[in-house]
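Student: This is what each chain is made of:
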Amino acid sequence: MKSMKLSYILAAAVAVIALFLLFFWERPAPDRTPDPDGPHEPGDPDPNPDPDPTPDPDPAPPVDSAGIEVSFGDPGDLVEESGTGLELDLNFAPGMRFPVERPRAFANSQVYGVGGLHGPAGGQCDARNYSYPWRDNFCETRGYATPMCPAGTGHQGQDIRPPHCPPAQPDDQRTFYAVATFDGQITGLHRHVMTLTDTVGRQYKYLHLDPNQYEVALGDLVSRGQRLGVISNYFGDTPTTYHLHFEMRQSVELGGAYVMTPVSPYVALREAYLRLIEGDEDA
Amino acid sequence: MREPNSGPLSRLKHLWPMIVGIAVIIVFALAMSRPAHSQQERPQAQNFSQSFPQNIQRVQAETPDTRLRPIDWDAVERDLAIQARRNLSSTQAFASQPNFLPVNGASQEDVAAARLPLLLPRIRLAYTSPPEFDGAERGLFLFARPNFYTATFYVNGAMVELMGTRVIHVRLPATTQSQRVGVLLNSENGFVTRTESGIEMSFDRYGASYTITLSCDDMEGDPRCLEPDYIQSIARSLEIRGGQSGE
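Chains as they are written, first to last, in our numbering: chain A, 1 to 283; chain B, 1001 to 1247.
Since the hints were made in silico from the structure, they are not lab data. Treat the hints with care, since some could be wrong.
Which chain A residues stay away from chain B? Per the calculated CB distances, all over 10 Å, these [unchecked claim]: (1) I68; (2) Q124; (3) Y130; (4) P163; (5) Y177.
Every beta carbon over 10 Å from chain A, so not counted as near; a handful from chain B, in silico [to be verified]: (6) E1109; (7) R1115; (8) D1134; (9) G1135; (10) R1145; (11) N1156; (12) I1234.
Chain A stretches covered by chain B per the calculated footprint, using a threshold of three residues with CB under 8 Å from any CB of chain B [stated by the list, open to error]: (13) 99-110; (14) 134-148; (15) 182-192; (16) 257-263.
No residue lacks a Cβ here, since even glycine has one placed at the ideal position from N, Cα and C.
Make a model of the complete structure from these sequences and hints.
Tutor: So this is what it looks like as structure tokens:
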């Protein structure tokens, strides 16, 4: 009888303590910071179950104008055996308008792509050249002195293939327009080479535009997104692949040295492209 | 022989009120428990474009057009004096000397507003459009802004672009690249390299950066785009044609 009484007293004490904890002890919020151990496997139990059973809608993956999901290689991740890229995730031109008018383009290597001089066998219109992910090719192996490249030499821009390859109908040219990245002035125009200087002194070079289809002239003031010309395969007497060679040149202070030089356009292009395909630009 | 009430089950019999009490409290607590964060505090779905990249540390670009290189105007004055003695003229006679190219595109006000030395070439046979075009006129196009300028002209079979700037668009820490740039820029003849569209030369003078770019009709056969001699001759012909301290 005595032990029964003791049990009731203990039960009451536990109940009081539990009630106290219930009302005055707030559970810690679930930790939303990334798990340093990396992502959990699908079968792992969720360590912080969401009390709300309604799942958040996943962000829709970005797709281009053909409905194809886009993806991107990392900055500096060049095609294997094509040189040492610049692994710098720096947008040198925030807010830039993507230099191709239509929301479908493919940044990758011409020389090391399918059908290229050092690429797999095939033609320039091989589907692998017109697919994602994008590949950076700034600093790809070339003999041009390029101070920003780890090797000191390399490709000075990014090659971008147009929406499709090549124009099968004359009307296809309408999808090949290159446009102004920023407000500025056309300060160079010769054969297939065009230079746009923006209002803060950065320069953008557009190569392989069709000399017979320019929409602007030397000295013209242009607006961001304005048509400049048509992307072609023009390269003097020897045609190249259909692509836009796009360069960004800026004055860079590297330690104590100061030089106007090509900088990597890859991150600026990637972010501009995402804005374009998400409808944040006038297509 | 064991007594009937001395086994484990008989001992639990005395504890059942406490076990039931704990169970009731636990069930009650679970039913009444609430999340520590409100619905509004729940993280929103991330914008997909903000999720790139995941593996490389982001470096923020500094705002352009806010930092300028200082110009050594004392050195400019010294060179102007030498130039004036040599030419028996001065920058006050801008665009009036027969050996200077006529300037299109920029007004005298644009030139006066320049806050860096405007270096322009002293070349006679240069044109504002390819010389084979009808109506090609002798001269150059000048696009002048306070802290940078470009000058463009055509010679037979090639286009020449000159860019001068004192704007710092991006500042990066010292690396092997900076050492390389420093060595290249301080070399006697400047920094000359071939490019995909021709050949170019870069050099520092008075604190500003200058670049001459040459694009040839025949990039693979025109020696002007293959060897440094021609572009270096343009650099040697540069003279101070405008710009003043305004700081």
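Student: Against this structure, judge whether each hint is valid.
Tutor: Taking the hints in turn, this is what the structure says about them:
no. : hint    : verdict
1   : I68     : holds (15 Å)
2   : Q124    : holds (18 Å)
3   : Y130    : holds (21 Å)
4   : P163    : holds (21 Å)
5   : Y177    : holds (20 Å)
6   : E1109   : holds (17 Å)
7   : R1115   : holds (12 Å)
8   : D1134   : holds (15 Å)
9   : G1135   : holds (13 Å)
10  : R1145   : violated (7 Å)
11  : N1156   : holds (12 Å)
12  : I1234   : holds (15 Å)
13  : 99-110  : violated (count 0)
14  : 134-148 : holds (count 7)
15  : 182-192 : holds (count 6)
16  : 257-263 : holds (count 6)
Hint check: violations occur at hints 10 and 13; the rest are consistent with the structure.
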